[in-house]
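Now for the letters of each chain:
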Amino acid sequence: MRRGLSVFNMTSIALGLAFLYLPIVILVIYSFNASRLITVWGGWSTHWYAELLHDEGMRDAAWATLRIGFVSATFATVLGTLAAVVLVRLGRFKGRMLFSALVYAPLVMPEVIVGLSLLLLFVAVGIDRGFWTIVIAHTTVTMCFVTVVVQARLLDFDITLEEAAMDLGCPPLKAFLTITLPLIFPAIAAGWMLAFTLSLDDLVIASFTTGPGATTLPLRIYSEVRLGVKPEINAICTIMIAVVAIGVVTAALISKRGELMRARARNAATH
Amino acid sequence: MSENAPQRRSLGAWLVVVIPALWLVALFLVPFLIVLKLSLSETVIAQPPYVPVFDFSAGWQGMKDFFATLSFANYATLFSDTLYLATYLRSLQIATVSTLLLLLIGYPIAYGIARAPHRAQSILAMMVVLPFLTAFLIRIYAWINLLQPEGLVNNVLIALGIVRAPVEWLASDTAIYIGIVYSYLPFMVLPLYAVIEKMDETLLEAAADLGCPWWKAFWLVTLPLSLRGVVAGAVLCFIPIAGEFVIPDLLGGSESMMIGQTLWNEFFVNRDWPVASAVAVVLLCPLLAPILYHQHVQMRELEKRR
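Taken in sequence, the protein lines are chains G and F.
With the numbering used here applied, the first sequence covers 1 to 271.
With the numbering used here applied, the second sequence covers 1 to 306.
Hint data in this document are derived by calculation from the structure and do not stem from the laboratory.
Note that the structure is predicted; figures quoted are calculated from it, not measured.
Beta carbons: idealized from backbone N, C-alpha and C, even for Gly.
Accuracy of the hints is not assured; some may be wrong.
[Unchecked claim] Quick look at which bits of chain F chain G covers, simulated, 3 or more residues with Cβ under 8 Å:
| no. | stretch |
| --- | --- |
| 1 | 207 to 218 |
| 2 | 239 to 250 |
| 3 | 263 to 273 |
Just chain G, with the same shape it has in the complex (with noise of 0.2 Å):
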């Protein structure tokens, strides 16, 4: 059979990626819209985005928003590497299909249950809401993500260089940091990314376990998105998809380069 890019095919992919993608195109457009009304276009202008700069509650916003994404992501990255291991490599133990459903089940749990549940634990045990307890609900959601992206570079992994390593006389311990760790690292990088970027993004849960004096991005946007369209909330938009974009072609770049440096071993030992 032809492999290769029939009509039918070709429609399709097209039609699905411009359906992904220019409602994305029209509200980065939009933001540098010169007028006030969000449909009539009013020539070029940056003015939303000066508008932002004073905007001090916004600015706080921000600013808390990217801190709960880089602790909660650095928490997600250490617990789901370790879940993934514990999955790919421990073997049979008592009680891993319990271990297993509450990986899994976080991934596809509606984020209502997740957020009402976890605000419920934080009440119980006394612990007052606010920076950390958005951290805390973050690192739970997103560690499960961090270990599927883990998981899946672990499994393809040659274990084969870590028995070899143990067979010289290398402890375990070592033999996975020195080896296996440098070489499932765009993996874990890519998973840290995907954890800051679902944290950035998280609306439902941190509504549900945030507290006074920690509002982050999503909270407000959602507030101003309830009461109308407005532009600055397009160009504040247009700036998180920036800065998405860019950790996404940061992460794709390294792992590109581990995948070079692989082929590049794979190579050195063959010749």
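Since chain G is already given, all that's left is putting chain F on it; use the hints.
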């Protein structure tokens, strides 16, 4: 730590299990038990706004009193009120219809990508994932822009002569479906692509050689072989859509809600935590089977490749 040497498990390996396990038990499993408990409690005006409060210091008698005061009153309220019931059924209906829509739209895209030249495939798959990484809220907001009465969608439709007057898109079920399909498309396309891409194409060649028309070959060969991807995509979409809050809240009308909004309102507006918890439990019940199936699929993949 490798498979063939389980006896070498050390303190380190034990720690590797215990740290993530403890985290998930304390912050995912225990909170659910609290929700379950709270759904059987009564609302009071106090802090926290429910009774009974679990009191360990009261000892055995306290435990007995605690269980004696639990009641199913919240569930009785939920099931006797037709408004709750209608919202609940509506959520399941919207989740079902949008999952079918996602399949109809996602399948051709996944198929097209899987049949693209190898070099282009990973780029195309990446392009499908990318919008998923830009904030969910932003993507819904983008549609609020487009679906305004004088928005771009109406302008284009009027310019093309398809409609005469602007259509009221916002605050309608159509807007909800657009928002859902837009947000969940990558979750449908990726599992489908993964399965179709692995399919043995010589089967289709054989069918074609034997004179089978392409649509029949699709129906008899491609579709059955990609059924696993279809189910995976459907599960991945159906579960979160059923509990969706942001999309119906921002794009839907105020007269008909989804169950996620009910939970939100009970909690944030009515401050009725026990009823909100009961709603969460009722919402979770029909989702348990697909959630367990999702776990089963993940584990099977894991075992197969290990």
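Status of the hints after comparison with the structure:
Here's how the stretch 207 to 218 of chain F fares: 1 of its residues keep a CB closer than 8 Å to some CB of chain G, so the rule of at least three is not met and the hint is violated. With 8 residues having a Cβ less than 8 Å from any Cβ of chain G, the stretch 239 to 250 of chain F passes the three-residue criterion, so the hint holds. For the stretch 263 to 273 of chain F, the stated coverage by chain G is satisfied: 5 residues place a CB nearer than 8 Å to a CB of that chain, which reaches the threshold of 3.
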